[in-house]
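Trainee: The residues making up each chain are set out below.
4 protein chains.
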Amino acid sequence: MTPDYGRAFALLRDAAGQTWADYTHHTFVEGLRDGTLPREAFLRYLVQDYIFLMHFGRAWALGVVKSETPEEMKACAATVDGLINQELQLHVGICAKEGLNEDDLFNTPEHPSNLAYTRYVMDAGQSGDLADLLVCLAPCVMGYGEIGLRLAEKAGDTPYREWIDTYASEDYQNVCREAGAVLDAALARRIGDDLTAAPRWSRLSHRFTTATRLEIDFWQMGLTG
Amino acid sequence: MTPDYGRAFALLRDAAGQTWADYTHHTFVEGLRDGTLPREAFLRYLVQDYIFLMHFGRAWALGVVKSETPEEMKACAATVDGLINQELQLHVGICAKEGLNEDDLFNTPEHPSNLAYTRYVMDAGQSGDLADLLVCLAPCVMGYGEIGLRLAEKAGDTPYREWIDTYASEDYQNVCREAGAVLDAALARRIGDDLTAAPRWSRLSHRFTTATRLEIDFWQMGLTG
Amino acid sequence: MTPDYGRAFALLRDAAGQTWADYTHHTFVEGLRDGTLPREAFLRYLVQDYIFLMHFGRAWALGVVKSETPEEMKACAATVDGLINQELQLHVGICAKEGLNEDDLFNTPEHPSNLAYTRYVMDAGQSGDLADLLVCLAPCVMGYGEIGLRLAEKAGDTPYREWIDTYASEDYQNVCREAGAVLDAALARRIGDDLTAAPRWSRLSHRFTTATRLEIDFWQMGLTG
Amino acid sequence: MTPDYGRAFALLRDAAGQTWADYTHHTFVEGLRDGTLPREAFLRYLVQDYIFLMHFGRAWALGVVKSETPEEMKACAATVDGLINQELQLHVGICAKEGLNEDDLFNTPEHPSNLAYTRYVMDAGQSGDLADLLVCLAPCVMGYGEIGLRLAEKAGDTPYREWIDTYASEDYQNVCREAGAVLDAALARRIGDDLTAAPRWSRLSHRFTTATRLEIDFWQMGLTG
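Chains A, B, C and D supply the protein sequences, listed in that same order. Using our numbering, the first residue of the first sequence is number 11, and each one after it goes up by one. Using our numbering, the first residue of the second sequence is number 11, and each one after it goes up by one. Using our numbering, the first residue of the third sequence is number 11, and each one after it goes up by one. Using our numbering, the first residue of the fourth sequence is number 11, and each one after it goes up by one.
Among the hints, erroneous ones may be present.
Intra- or inter-copy, both count: the list cannot distinguish identical chains.
[Said to hold, decoys possible] Calculated lysine to any residue pairs in the SDA-like style (CA-CA distance at most 20 Å, straight line):
{"hint": "1", "residue 1": "Lys84", "residue 2": "Gln96"}
{"hint": "2", "residue 1": "Lys84", "residue 2": "Ala191"}
{"hint": "3", "residue 1": "Lys107", "residue 2": "Arg213"}
{"hint": "4", "residue 1": "Lys84", "residue 2": "Ala198"}
{"hint": "5", "residue 1": "Lys84", "residue 2": "Cys105"}
{"hint": "6", "residue 1": "Lys84", "residue 2": "Glu112"}
{"hint": "7", "residue 1": "Lys84", "residue 2": "Glu97"}
{"hint": "8", "residue 1": "Lys107", "residue 2": "Tyr60"}
{"hint": "9", "residue 1": "Lys107", "residue 2": "Met231"}
{"hint": "10", "residue 1": "Lys84", "residue 2": "Val102"}
{"hint": "11", "residue 1": "Lys84", "residue 2": "Asn111"}
{"hint": "12", "residue 1": "Lys164", "residue 2": "Asp32"}
{"hint": "13", "residue 1": "Lys84", "residue 2": "Gly103"}
{"hint": "14", "residue 1": "Lys84", "residue 2": "Asn95"}
{"hint": "15", "residue 1": "Lys84", "residue 2": "Ile104"}
{"hint": "16", "residue 1": "Lys84", "residue 2": "Ser137"}
These are computed hints drawn from the structure, not numbers from a lab. These numbers were taken from a predicted model, which means no experiment stands behind them.
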């Protein structure tokens, strides 16, 4: 059972095939579920994820720059503010409990896997239009939603319950559904209703799969540094 | 008496000289103050200003893309959301009373003076760094604050009291002071504390004056179409 | 008889209708043809056109940034170098004969009509993809080719023969045909073969017409300053 | 003995310290020198380097977009054309001898180390100004020049003599000296003459070192895939 985050996501997810499964069922994810993930791996991930979120905020801001309608602008702008002025602060709070303040986070050397992922997304936006950008943002937004839901259902006794609950929450599931609706509308506007028949489909799908591949590298960075 | 919106603004304003006075004391502005501005001129302005605000929202979003610190990101992101999900809606409300819905606004042909101003700002951001962008955003943000304050004090019996009060309000004056602080910090970070001695000063000052010149054209567009 | 610069251009030109005619038969153009254009109007145009060409070079460079294939990159890169390291120098040569050196040109205050046009094109590239950018570049490239051809055939005794011959030349006509081929390929790749049926057609066509409108303002600037 | 590619490069190189040595004396480089580099490692590098050069061409094109003077534009535009319409074709020629045509090259899946490096550079340009971009481009341009010179002097009997000679050639050394002059002028213009005392120095130096670090990962990708 996969959650319904819209038509485009379902098609892009299918096209990504095994790569999607490798991302959403990565050893790191299974370790969150059954509690076997070493604490240091989680912390390594968390610190890099702070930097990731800053660039993710920049990428959604680039979405505002590239919007063509008031609806697109409003949706992207709300996400920018949500990410930077709320989610990032939540993150800072979790890290503070581990003894890391925001300056530590901000000054952490960025891992190459973090650079590769975030800058690939930024450049997709610089190179193409809003469709190119949104298909790169989808694997993170919706992948975490899908992982959160599955883990909430199947998780054992795990110290990572808070992480799981965040992404399984109705709030976050709404974020995924709204992002899916924005993606559907943006693609309909730019490539038409018959998504897979559009000339840009293979390139957009390739971008989605590349971003998914970079998510796998991000989990791996958490595991092995 | 000019309001205190920070060091950089005061220096840029001085450097703009007569151009700044021509902007803040434009016939359009004096017409708002004494109530002689024709209603149709105000409406012409209002409709174009809706489109202006959309691009202004895009420009602040570009500020998020170009931020180097969490503080810069947070300030720009808050402004993006404020502009797009609040101020723009206020605008829609005022226009609705005049019988114009948001689709009408969005589909109004953009005046060349609007194109010149908004796209100049966007390209300043694309071409330079956050300092280049912020000095282009300052004349609008702070100029309206300064105009609002002066008009609130000196306005006669005018149907444009609501417009004046918006920009004279403590809320809007805070926006100006915060934008001034962001500008001061962004310039200190990029060109140092001795602003007028920095190699980039003449170019940054030229950008500020150019944007001010484009504000004059914007008022003129309201007056004469 | 209109020259054949490819399918997309023909369709965009048709869609622009009277606006296209107003541009290609502007009083300024007719003055070049019959020699009635005042010298000072021509010089005013020439000086602003130097600044225009610099930004046009930037815009084709943005085309390289936004290319998706080696063919797109090669075509845009060749145009960038041609514009900046050749055409711009030709321009400098013509102006030198009039007693203006390159520093004078570079430091001329930019006219609002110049700002509006060039920055609109740059922002179209920042906002959209290569298709959005190329349809904004087409009116200038191909319009000058069409004007050049017509004037070469119909020009009377005019001091502007050199200008006319430049754009009527086989060299420049090849530039137009190649730009047309790049545009055709870029659109086929992004919106498919049935151009006018594609969801993006109306927006792309609107961009072409807007750029054409800004060409009219540019001639007008030459005439009336 | 290090070659003289200008003031800024010398200071940035010093600041990068051991990271610079790790890049220019990487095992891959020593394998080119003494001929012990496995052919398959060289080919793996060559194929990824084709993709790298395409993005490097895009990055120099972004330099045109971000230029503030005719000199900056001309230098960047010449480099764009040189890279895309000449150097890239040289590369295609070498690969053709190995049985790889340009379509094969273009369609090779991009390695994460390639993504990380090229997109980091593109985003530095999107985020900052020309100075931010040029310091990211310097390690590749000048590093290859320095490596070429040293290897030409010290190389034994190696099948990679052609590669070495390309970068040791007077032609390529001129490219390095010109890039160094562009960098010096761009920095003087933006941060002043006392480079290391400028507020932006630590950030620019950090960018240079980060790009150098990504060069190391690029060699490593050649060695180990």
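Trainee: Between copies, within a copy, both or neither: which fits lysine 84 and cysteine 105 at Cα up to 20 Å?
Mentor: Between copies, since 19 Å is at most 20 Å while 30 Å is not.
Trainee: Give the relationship of lysine 84 and alanine 191 under a CA distance limit of 20 Å: within one copy only, between copies only, both, or neither.
Mentor: within (13 Å within a copy, 26 Å between copies)
Trainee: Using 20 Å as the alpha carbon limit, work out where lysine 84 and alanine 198 are close: within a copy, between copies, both or neither.
Mentor: For lysine 84 and alanine 198, only the intra-copy Cα distance (18 Å) is at most 20 Å; the inter-copy one is 31 Å.
Trainee: Indicate which option fits the pair lysine 84, asparagine 111 if close means a Cα-Cα distance not exceeding 20 Å: within, between, both or neither.
Mentor: For lysine 84 and asparagine 111, the Cα distance is within 20 Å only across copies (17 Å; inside one copy 32 Å).
Trainee: When Cα atoms must be at most 20 Å apart, do lysine 84 and valine 102 count as within-copy, between-copy, both, or neither?
Mentor: between (26 Å within a copy, 14 Å between copies)
Trainee: As a check of your reading, is lysine 84 near glutamate 112 (CA-CA no more than 20 Å) within one copy, between copies, both or neither?
Mentor: between (28 Å within a copy, 13 Å between copies)
Trainee: 20 Å Cα cut-off: does lysine 84 pair with glutamine 96 within a copy, between copies, both or neither?
Mentor: The answer is both: 17 Å in one copy and 10 Å across copies each meet 20 Å.
Trainee: Can you tell me if lysine 107 and methionine 231 fall within 20 Å by alpha carbon in one copy, between copies, both or neither?
Mentor: Result: close neither inside a copy nor across copies, 22 Å intra and 38 Å inter.
Trainee: Reference check for the pair lysine 84 and isoleucine 104, CA-CA at most 20 Å: within, between, both, or neither?
Mentor: between (29 Å within a copy, 19 Å between copies)
Trainee: Tell me, please, which holds for lysine 107 and arginine 213 at an alpha-carbon limit of 20 Å: within, between, both or neither?
Mentor: Neither, since 42 Å and 29 Å both go past 20 Å.
Trainee: For lysine 84 vs serine 137, is the C-alpha pair at or below 20 Å within one copy, between two copies, both, or neither?
Mentor: between (22 Å within a copy, 16 Å between copies)
Trainee: If the cut is 20 Å between Cα atoms, do lysine 84 and asparagine 95 qualify within a copy, between copies, both or neither?
Mentor: both (16 Å within a copy, 6 Å between copies)
Checked against the numbered hints given earlier, this structure breaks hints 3 and 9; the rest are met.
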